[in-house]
Amino acid sequence: MANTLKLEIVTPDATVYSEDVEMVTLEGVEGEMGIYPQHVRLMTQLMPGEMVAQKGGHDDFLAVGEGLVEITNDRVAILTDMAVRAENIDEAKAEEARQRAAARLQEQLSSQDLASVNASLARSLAQLSVKRRHRRP
Amino acid sequence: MHSIRDLRRRIRSVSSTAQITKAMQMVAASKMRKAQQSALAGRPFAYLLYRIQREATTRLGEFSHPLLEKRDVRKRAVILIAADKGLCGALNGNVFRVASRFDLQSTVFITAGRKAAQFVARTGRQLAAKFEYADSPRFSDSAAIAACARDLFLRKEVDQVQVVATRFVNTLTQDPIALDYLPVGAITELKIPGMESEEELKADEAESLFEPNPETVVAYLLSHYLNLYIHQALLDAKASEQSARMVSMKNATDSANHLIHDLSLEYNKQRQGNITKELLEIAGGQTE
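Those sequence lines, one after another, are chains A and B.
At position 53 of the first sequence (counting the first as 1) the number is 58 in the working numbering, and the numbers step up by one without a gap.
At position 5 of the second sequence (counting the first as 1) the number is 13 in the working numbering, and the numbers step up by one without a gap.
Chain A extracted, bound-state conformation (with noise of 0.2 Å):
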């Protein structure tokens, strides 16, 4: 019985993510789950913001954009716009999408655009709060 889960975070950039890892935790559209192998088939909506994929004793936090989530009893595999490893986290950056994209919340926008900043405000925000978790102390 296997007692990993493989791990694969797909943008449509690059692959970001593809390990065996014990643990994987996320947020889902009903709050925060925890993913260890042998887990019922599950199909979800992954909300922007952090997540942690356990491996070897040791965490690997990503932050990660709206997507899809698909579960299975060995493999979770997860589908969003974007993911970024913490430590490659540029923080200066991702404030400088943030302001730009809440500066553009201010102006009359369509539906389709509105949605779109609204998505790459969140991916920001998300970077922003992992990167802010994870400052060395």
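Hints were generated in silico from the structure; no laboratory data involved.
All residues carry an ideal CB built from backbone N, CA and C; glycine is no exception.
Keep in mind that the hints are not guaranteed to be accurate.
Residues of chain A placed beyond 10 Å of chain B at every Cβ, according to the derived structure [unchecked claim]: (1) Asp18; (2) Ala19; (3) Thr30; (4) Glu35; (5) Val45; (6) Arg46; (7) Leu47; (8) Leu84; (9) Ala97; (10) Arg103; (11) Ala106; (12) Ser134.
Partial pick of chain B residues on the chain A-facing surface, computed with a CB cut under 10 Å [as the list claims (entries may be wrong)]: (13) Ser216; (14) His239; (15) Leu287.
27 Å max Cα-Cα, derived DSSO-like pairs, lysine-lysine [said to hold, decoys possible]: (16) Lys11/A - Lys78/B; (17) Lys30/B - Lys258/B; (18) Lys210/B - Lys93/B; (19) Lys93/B - Lys98/A; (20) Lys60/A - Lys11/A; (21) Lys39/B - Lys164/B; (22) Lys210/B - Lys11/A; (23) Lys199/B - Lys210/B; (24) Lys30/B - Lys83/B.
With the hints as your guide, set chain B onto chain A.
Chain B in isolation, oriented as in the chain A frame:
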């Protein structure tokens, strides 16, 4: 037999053509690299989305979605994706050959790219809508096309939608393909790596849980799936177009250079012949 003046004129015109094709080759080569990269980089995402779509739609249980509904096909729409410009070898022609197999009366076309619209107009087929897409296709381009096809299908104006486009294989090979788009289901024409076969998928009858509920998740999944499907098709079409253009312009440059070589040889031969003739005449004059 060409005169020396004719030869000189032809060499000049061929070499200016060669210059132009060389320039187009360089431009296509640099665009090609970018287009190929984005087409290949987009694939893992598209494949995974397709796998999730299959997993989700075969394990829905009782629930169904209008976009999954299989109907008898009386009328179909074809999303025809071709280039904006020619000069890319047989690329457009190959796509149009596939497109012309569809029945004239019962097929409406949604076109992407100027050449595709021209083809539909020229051959007297029915056009439902035409779209353009940029050199590096944007999500808004593909979303518009997907929305148009989805509306036709949901309003029951068509019972099936297919995509006819070029799939990028490598710089030398691009395949024209016709793929099922709507109703959402299995794409049997395409071998997708890392995908269980349809039999395996059916064999495992376990239903899946959906959070918060199947309606929300499937609606979200399908709208993303349909947009991304077109997006990937556009990326592939662009990569194919630039590759085909690069190759055909390279061939054109090569054959122009070949021609210049042959013409120069002929020109020099004649020139040499003339000089020899003149020398002989002078020498002949002296001895008399």
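Hints, verified against the model:
no. : hint                : verdict
1   : Asp18               : violated (6 Å)
2   : Ala19               : violated (6 Å)
3   : Thr30               : holds (15 Å)
4   : Glu35               : violated (5 Å)
5   : Val45               : violated (6 Å)
6   : Arg46               : violated (4 Å)
7   : Leu47               : violated (4 Å)
8   : Leu84               : violated (6 Å)
9   : Ala97               : holds (26 Å)
10  : Arg103              : holds (21 Å)
11  : Ala106              : holds (17 Å)
12  : Ser134              : holds (23 Å)
13  : Ser216              : holds (4 Å)
14  : His239              : holds (8 Å)
15  : Leu287              : violated (71 Å)
16  : Lys11/A - Lys78/B   : violated (34 Å)
17  : Lys30/B - Lys258/B  : holds (7 Å)
18  : Lys210/B - Lys93/B  : violated (44 Å)
19  : Lys93/B - Lys98/A   : violated (38 Å)
20  : Lys60/A - Lys11/A   : holds (11 Å)
21  : Lys39/B - Lys164/B  : violated (40 Å)
22  : Lys210/B - Lys11/A  : holds (22 Å)
23  : Lys199/B - Lys210/B : holds (17 Å)
24  : Lys30/B - Lys83/B   : violated (46 Å)
Figure legend: structure checked against the earlier numbered hints; hints not met, in rising order: 1, 2, 4, 5, 6, 7, 8, 15, 16, 18, 19, 21 and 24.
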